[in-house]
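**Q** Given next are the chains, with one letter for each unit.
Protein chains: 2
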Amino acid sequence: MGKLLRVNTKEKKFNFEEVPGVYAGLGGRALTSKMILDEVPATCHPLGKANKLIFAPGILAGSPAADSGRLSAGAKSPLTGGIKESNAGGLVSQKLAKLGITAIVLEDKPVDNDYSIIVVNNDGVQILPAGDLVGKGNYAVMESMWKKYGKNVGVLSIGQAGEQCLKGASINQADMNGRPGRAHGRGGLGAVMGAKKIKAIVVDDKGAPRVAIKDPDAFKAANKKWVDMLHTHPVTGQGLPALGTAVLVNVINEAGTFPTKNFRSGRFEHAQDISGEKMAELIQARGGITTEACHPGCVIKCSNVYHDKEGKYLTSGFEYETIWAFGGHTTIKELDDIAMLDRLCDDFGLDTIEMGVTIGIAMEGGLIPWGDGKAAIGLLSKVGDYAPEGKIIGNGALFTGDALGVDRVPVCKKQAFPAYDPRSCKGVGVTYATTPMGADHTAGYGVTANILGVGGTVDPHKKEGNVALSQGLQIATAAIDAAGLCLFVAFAVLDNEDGLPTIVEMLNAQHGLSLTPNDVLELGKSILNNEKEFNKKAGFTKVDDQLPEMFNEKFPPIIHNGIFPLKNCQKPLTFDNNL
Amino acid sequence: MGKLLRVNTKEKKFNFEEVPGVYAGLGGRALTSKMILDEVPATCHPLGKANKLIFAPGILAGSPAADSGRLSAGAKSPLTGGIKESNAGGLVSQKLAKLGITAIVLEDKPVDNDYSIIVVNNDGVQILPAGDLVGKGNYAVMESMWKKYGKNVGVLSIGQAGEQCLKGASINQADMNGRPGRAHGRGGLGAVMGAKKIKAIVVDDKGAPRVAIKDPDAFKAANKKWVDMLHTHPVTGQGLPALGTAVLVNVINEAGTFPTKNFRSGRFEHAQDISGEKMAELIQARGGITTEACHPGCVIKCSNVYHDKEGKYLTSGFEYETIWAFGGHTTIKELDDIAMLDRLCDDFGLDTIEMGVTIGIAMEGGLIPWGDGKAAIGLLSKVGDYAPEGKIIGNGALFTGDALGVDRVPVCKKQAFPAYDPRSCKGVGVTYATTPMGADHTAGYGVTANILGVGGTVDPHKKEGNVALSQGLQIATAAIDAAGLCLFVAFAVLDNEDGLPTIVEMLNAQHGLSLTPNDVLELGKSILNNEKEFNKKAGFTKVDDQLPEMFNEKFPPIIHNGIFPLKNCQKPLTFDNNL
Chain A
1 MGKLLRVNTK EKKFNFEEVP GVYAGLGGRA LTSKMILDEV PATCHPLGKA NKLIFAPGIL
61 AGSPAADSGR LSAGAKSPLT GGIKESNAGG LVSQKLAKLG ITAIVLEDKP VDNDYSIIVV
121 NNDGVQILPA GDLVGKGNYA VMESMWKKYG KNVGVLSIGQ AGEQCLKGAS INQADMNGRP
181 GRAHGRGGLG AVMGAKKIKA IVVDDKGAPR VAIKDPDAFK AANKKWVDML HTHPVTGQGL
241 PALGTAVLVN VINEAGTFPT KNFRSGRFEH AQDISGEKMA ELIQARGGIT TEACHPGCVI
301 KCSNVYHDKE GKYLTSGFEY ETIWAFGGHT TIKELDDIAM LDRLCDDFGL DTIEMGVTIG
361 IAMEGGLIPW GDGKAAIGLL SKVGDYAPEG KIIGNGALFT GDALGVDRVP VCKKQAFPAY
421 DPRSCKGVGV TYATTPMGAD HTAGYGVTAN ILGVGGTVDP HKKEGNVALS QGLQIATAAI
481 DAAGLCLFVA FAVLDNEDGL PTIVEMLNAQ HGLSLTPNDV LELGKSILNN EKEFNKKAGF
541 TKVDDQLPEM FNEKFPPIIH NGIFPLKNCQ KPLTFDNNL
Chain B
1 MGKLLRVNTK EKKFNFEEVP GVYAGLGGRA LTSKMILDEV PATCHPLGKA NKLIFAPGIL
61 AGSPAADSGR LSAGAKSPLT GGIKESNAGG LVSQKLAKLG ITAIVLEDKP VDNDYSIIVV
121 NNDGVQILPA GDLVGKGNYA VMESMWKKYG KNVGVLSIGQ AGEQCLKGAS INQADMNGRP
181 GRAHGRGGLG AVMGAKKIKA IVVDDKGAPR VAIKDPDAFK AANKKWVDML HTHPVTGQGL
241 PALGTAVLVN VINEAGTFPT KNFRSGRFEH AQDISGEKMA ELIQARGGIT TEACHPGCVI
301 KCSNVYHDKE GKYLTSGFEY ETIWAFGGHT TIKELDDIAM LDRLCDDFGL DTIEMGVTIG
361 IAMEGGLIPW GDGKAAIGLL SKVGDYAPEG KIIGNGALFT GDALGVDRVP VCKKQAFPAY
421 DPRSCKGVGV TYATTPMGAD HTAGYGVTAN ILGVGGTVDP HKKEGNVALS QGLQIATAAI
481 DAAGLCLFVA FAVLDNEDGL PTIVEMLNAQ HGLSLTPNDV LELGKSILNN EKEFNKKAGF
541 TKVDDQLPEM FNEKFPPIIH NGIFPLKNCQ KPLTFDNNL
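Just so you know, the protein sequences line up as chains A and B, in that order.
Residue 204 in our numbering sits at position 204 of the first sequence, and the numbers go up by one each step.
Residue 151 in our numbering sits at position 151 of the second sequence, and the numbers go up by one each step.
Just so you know, the hints here were simulated from the structure itself, not pulled from any lab data.
The reader is advised that the hints may include incorrect statements.
Note that identical chains are pooled: a pair holds if it fits in a single copy or bridges any two copies.
Stated by the list, open to error - List time: in silico DSSO-like cross-link candidates among lysine-lysine, alpha-carbon distance up to 30 Å:
| # | residue 1 | residue 2 |
| --- | --- | --- |
| 1 | Lys-525 | Lys-542 |
| 2 | Lys-525 | Lys-554 |
| 3 | Lys-463 | Lys-536 |
| 4 | Lys-532 | Lys-13 |
| 5 | Lys-462 | Lys-224 |
| 6 | Lys-525 | Lys-462 |
| 7 | Lys-147 | Lys-536 |
| 8 | Lys-261 | Lys-49 |
Model, not experiment: these values are computed from the prediction.
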C-alpha cells in the first residue's frame, strides 16, 4: 500500500499520509474522482483554495503490464464547473508507483505570485522557488528540468496558459524525449495548477525499488496474452502504429462524421491534405518518427515526431483530434500550420481540442478568416504574450463565443466537442451529452461500433442502440482509466472475449486479489456514480446532459461507400442516409 | 384591450395580434415573464433566434397615475442564462399605451449584419435600415432620432456594447431631454437586441388618443391620495428629490454596508467625496439640475443632470448604484471620473452596476491599479473601440474574473452585486441569492427595513426576519413592476396602510375591475412562480440560490452611530456588531 503525498501550496509544506481505508485499492480515475467527491466542496470556485489537484497513477501502474503508464489528473474543472479527470502518458505514473506514491494532492493556494516547483524522488520531497521558470513555456521548462534533474525524470508542468489560469490550460508531461508532447488536456486543469502557483512537478525514481508483484508467474502469463492481443488486433497492431491516430482522418471523413467549418457538414474537401497518410509521407521525407510510445511499456506506439520543411523538429504527439480541431473544424488545410498550432499548444500548455474549436469560433465570429492558418497561429500566439486576445482565446470555445456574440458553439457542459459529429456518430454524441466530463470522446468512444465495426456494429445515424453503446463504453472506460491503461487497449478488449478477463488476471496477480470481471465493471459504475454525484452537488441537472441548440440544424446527408480501413468488418455496416 | 406588435427581425415583417386570453390583463413584468415562459425555450441560446425580446408597458401605463411610466423589457438573459425583466423610465411606456400596444415582441434574428430601426406611430409600423446609425453610441442615436422624428419621441436604442452582443449591454431610453440617461441595465438585454440587429425603436404617439379610464372620478380621487402619499413620505417627498438616489452614499456607508474594494469592507474612507451632498453641491455650482423626473407624471424626481468642471453637460441619471460601483467598489474617489464612467456606459449602452463591479475585478486581477479613475476610463473606453479588452470588460464581472483568473467575484446567477454588502444588509443579501433575476437589489429591496427603518425594522446583521423580509418584498416588487410603477413608490407604500389599496383603486378605476389588494399580491406571487419555473427549465437549482464562496470571508465589524437621515425611525434600530 502506497502513501498520499499532500502538498500545501500556500505554506509550502508537505506530508505523507497512509492511504485511508476509504481510498484503499483505488488508483487513477477511481481515486481522483473519489477524493474530489469527498474532499472538494462541489460549489467551490475552481481556482479557489478549496479545490484540490490530484495526480494518481493507475492500479496497474509501475507493473510490466503493457500500456499501463497513464496518469490521471483530477480536480473541479475551471472549464466545466464539474468534476474532471484527464489522463495522459509520459513518465510520471510509473515513477510515482515505484516511489510508493498513490497520489500527489495539491491543496490550498498561495496569496502571492510565488511560484514553486515540487521535486519528488527517493530521498523525499522538495518545494523550491520556481525562479526564472515563471513565464516560460513547457518546452523551456522541461528542457531545464531534464538538464537539472537528469534525463528521463518525469515532469508535469504548465506554460503561460496555466499561469494565466485560463480555462483551456493543460498540464503537460515530458514525453520520452523530454518534450511536452503529452498533455492532461481537457477541462482546464492547468489553470488549477496555475492558481496553486505550481509551475512544475519533477518525479525521479532513481534508487526506488521495482513495484512488487504478488504472483509474478501469473502476471507474466497474463501480460503475454495481453501483449499478443494488442499486437494482433488490426487497430492496435497495425492502424495506430503505422499512421498514429491520424489514421482516422480519412476514415472519419469518409464516414461523413468529420465536423467541418464549425459542424456545418461531415466532410472536409481537403481531408486528404491533412490525413494520416499525408502526415506519414511528410514525416518520412523529413526525417521525423512515425511510430513512438508515449510511455515505457507501450506496445501500440501511436505517437510521433513531426519535422518542418527544413527537417527540423517542429512538434510531437501530433494527434488526430488536434488535426481535426485545427483542420476540418477551421478549414485550415496546411498540415504544417496545424503542426505549428499543435506546438504552440504544447508550449503554452493548452488543450488542442479546446483551442482548435475555439479558433473555429473566432472564425465564426469574424475575428480571423476561415481557413487562414497563419492568422490562427498569430491569434493563438497571443496566449503566450499574455495579451487580451489570448485571455479570450485561451479560455476556450464557449468563452470566445460569448466574447464575440457567437451562438453556434459546439460544447456540452461548456467543454468543446471532439472530432466526430454527434448527428452522424450518435454513439459518441450520447457520450458528449451524458458523460460527467463534458463533451469528451474518450469517455465513451462510440466510434468503435458506430464507424469502425469494433465491438459489434451500431448504426451511427439512428438512435437505436446508441444509448446502450455509450453507457457500456462509459463504464468500461472508467475502469480502464482506473487501471491506468491507455484507452486504445479498448479496441482489442472489445473484440476479444478474453480481453477483460486478462486485465483482471493482471490486477489480481499484481495485488494478490481475486477480482472478477464483474467487479471491475462495478468499479467503473461506481466511478461514474461518484462523478455524477459531485456534478449534481455542483448544480448540474439533466439540462446539462443535452446537446446545444445548434445541433437542431439539419445536417447535410452524407453518401459514403462503407470503407473502414482500420478493420475488416465481418458484418459490413449499412447506413440510412435519410437523416 | 391593446394589441401585441410582433416583429420578425429576420424577415423585417410585423403583425398586430389581439392579446390572447392567456395574457389578458397582464402588463409590465407580469406580461414579459409570462410570455418568456410560454414562448421561449428555456435552454435556447440567449443570442439565438429562439429568444424573444419583449417590451411591455405596465398595467397603469398611460394613465395619469403618478410614477406609472416604467417600461419592462424581458428576455432570456445572456448574462444569467435565466429569465430577466429589467425596467426603466423614459418616454416609451406611456406612448405605447396610448398607441394601444400592450407589448412589442422582437422575434427571430437576421443571418447578416443588416441592422434595422423600428418606427412605431399612430399610422403604423416601419422597419427601416439603420444606415449610418450602426457603430454609433446612444447619444448620437438619440440625437439623430429626435432630429428626424421629432423632439419628445420615445427611443429605445443600443450602443456599441449591444452591437457586440456583450453580456453587460443595456438598452437605453431617451430621457425627457433626449439623452440616454435611462437604461434597461441589468442582465445584458442590449445583447439580445443586438443579436436581433435592431439598433433603435422609435415610438411616437402623436395623434393617438388618451388612454381610456373606465371610472375617471374614482381614478382622480385615488391618484390624488397617491400623489399626497408620495409627497409626504420623507424618502419620496424629501430625500430623493433633494439629492437623488445618491443620498444613500453617506447613509449606507454609515451603516457599514457600502462594499469597498471588492467587498473587503463596508466603509469607504472617501465616501464623503462621492456623496449625494457633494454631488448636489457640484451640480449647483456648475449649473446642472439636481431634481428631474425620468418620465412624465413622476412626482419623486430623483434624476439629475451633472455638468463638468467647465459647466458643460457631462451626464444625467447619475445614480447611487453607479457611484458605488465605480466608486466604493473600485476605491475611485473622484466624482468627475465616476461621472465620465457613467456617461461612457450610457453612450456605449452598458449596465453601470455590472461595469463598475467589473472594473473592480479588473483591479483585483491587476489589469489596472486600484482607485485609478483615469485608467478605468481608458479601460471602459475599449468597449467603444470594439477592442479585445472591451470584449472582456463588456461581458461583465464574472467573465472578466474568468479572463483574469480572479476567484473573488461578487455575483449571484452570474450577475454582479449591487451596492449593499450581503453580510451587513442580509435582507438584500437574501434577495441577491434567491431572486430569479440574479443579484438585484430592486427585486426585493431589504435595505428598507434593514437600514432605513421603512416598513418596520429588521436587524441587517442577523438571519432572523430577513428571509421573510426579502420574500415579502420580492412579491410586492413583482406586482409593482407589473403595474409599471417606479419601485421607489414602495417607500411610501410600505409606510402607509392605505398604500396598496390606493394602487388597487387606480387599477380598478382604470380598467373597470374589482381587484382586492390580495389579488395584486397573488399576481406578484404568480410572476415569481413563472420566473422560477423558467429558470428551473433552464437548469437552475438551489445551488444557484447561494452567495459565492468569497462571502465566507470574515467581514470587518463596523461600528456605526445609528443615524439614518432619510427617515426618522420611530423605533431606533440596534445592531449586533459581533459578526
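**Q** Are the hints correct? Go through all of them and say.
**A** Results of checking the hints against the structure:
no.	hint	in the structure
1	Lys-525 x Lys-542	both (19 Å within a copy, 27 Å between copies)
2	Lys-525 x Lys-554	neither (35 Å within a copy, 41 Å between copies)
3	Lys-463 x Lys-536	both (26 Å within a copy, 27 Å between copies)
4	Lys-532 x Lys-13	neither (32 Å within a copy, 46 Å between copies)
5	Lys-462 x Lys-224	neither (39 Å within a copy, 69 Å between copies)
6	Lys-525 x Lys-462	within (26 Å within a copy, 45 Å between copies)
7	Lys-147 x Lys-536	neither (45 Å within a copy, 55 Å between copies)
8	Lys-261 x Lys-49	between (40 Å within a copy, 20 Å between copies)
Of the numbered hints listed earlier, those contradicted by the structure are 2, 4, 5 and 7.
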